[in-house]
Each structure stands twice: as C-alpha cells, then as structure tokens.
Amino acid sequence: MSGLAKASGALKSVDYEVFGRVQGNGGLRGGGVLSVVFVLALTVLSHYFPNQYTEQEAKKLGVVGWVKNTSQGTVTGQVQGPEERVNEMKSWLSKVGSPSSRIDKTNFSNEKEISKLDFSDFNTRY
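So the sequence shown is numbered by the numbering used here: it starts at 10 and just counts up by one.
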C-alpha cells in the first residue's frame with residue numbers, strides 16, 4: 010500500500026455511514042444482521058454476506074480501513090488511501106454496494122488529508 014500511496018499523491022481519510030437495506034437478511038430491523046468481512050475472504054455464495062462485498066471492493070481498490078454493522082441497521086466505517094481511490098470507494102458505497110443491498114443514502118464525515126495511513130488492511134469490526 011505504501012508504494013501505491015506515494016505514487017498516487019495525497020492520502021485521504023473519510024468516515025461513512027450507509028442507510029437502507031444494507032445488513033443482509035431482510036427479516037430484522039434495518040435489513041438484518043450480517044457478518045461483515047472487508048478482506049478478501051471468498052466463501053460459498055450462499056454464505057457471502059453484504060459487507061464481504063464491501064471488503065472485496067476495498068481490497069480491489071487498494072484502500073484500507075474498516076466496516077461494521079450498527080444496532081440501528083446501518084453500516085459504518087472508515088476508508089483511507091490515495092484520494093482518487095477513496096473517491097472511487099465513496100462512489101461505490103453510495104451507488105453500488107452489495108448485490109442484495111438497497112442504499113437510501115450515505116453520509117460522509119471527517120473527510121481530511123492525512124500524512125500516513127492508520128491501518129494496514131481493510132477489515133470487519135464486530
């Protein structure tokens with residue numbers, strides 16, 4: 010990641026919260042509870058939960074940070090990396106998400122330039 014960061018210029022950090030049906034099985038409040046894994050952890054499709062798609066996208070883009078389900082039925086987290094890649098991840102979080110999600114809105118906060126990354130990978134918090 011450090012080579013990519015140097016080659017791409019400024020580093021950026023942003024917090025996010027995604028609202029809608031974003032937490033898996035639709036039977037529970039806000040869309041349900043799901044296992045969140047933002048690292049490349051490919052499993053059988055029937056066990057592939059929405060936040061795993063987020064983690065996979067983050068890995069593909071080369072950003073670091075974390076993702077977590079909230080008790081309010083939203084998904085929250087932080088993304089860090091080269092500004093261009095963070096912007097691509099913001100777009101994905103706002104418009105695409107996992108195949109089973111319905112994104113109503115995404116809030117971004119604490120967006121700032123940073124001098125170094127606080128994380129070495131992108132993963133899920135429980």
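Think of the hints as simulated: they come from the structure by calculation, not from any bench.
Careful: at least some of the hints might be erroneous.
Unchecked claim - Mimicking DSSO-like on lysine-lysine, the simulated pairs with C-alpha atoms at most 30 Å apart in a straight line are:
1) K125 - K68
2) K114 - K69
3) K68 - K104
Stated by the list, open to error - Estimated spans, in silico, between C-beta atoms of each pair:
4) T85 - S129: 17 to 27 Å
5) R111 - G18: 11 to 21 Å
6) G18 - D113: 27 to 37 Å
7) D24 - K104: 27 to 37 Å
8) G18 - S80: 17 to 27 Å
9) S129 - A19: 14 to 24 Å
10) G18 - Y135: 17 to 27 Å
Glycine residues also receive a C-beta, built at the ideal position from the N, C-alpha and C atoms.
Here's how the hints hold up against the structure:
1. K125 - K68: Since the Cα atoms of K125 and K68 sit roughly 18 Å apart, the hinted pair holds (cutoff 30 Å).
2. K114 - K69: At roughly 23 Å apart (the allowed maximum being 30 Å), K69 and K114 satisfy the hint.
3. K68 - K104: holds, 18 Å
4. T85 - S129: 17 to 27 Å: holds, 20 Å
5. R111 - G18: 11 to 21 Å: violated, 35 Å
6. G18 - D113: 27 to 37 Å: holds, 33 Å
7. D24 - K104: 27 to 37 Å: violated, 18 Å
8. G18 - S80: 17 to 27 Å: At roughly 38 Å between Cβ atoms, S80 and G18 fall outside 17 to 27 Å, so the hint is violated.
9. S129 - A19: 14 to 24 Å: holds, 19 Å
10. G18 - Y135: 17 to 27 Å: violated, 34 Å
Comparing the model with each numbered hint stated earlier shows that hints 5, 7, 8 and 10 do not hold.
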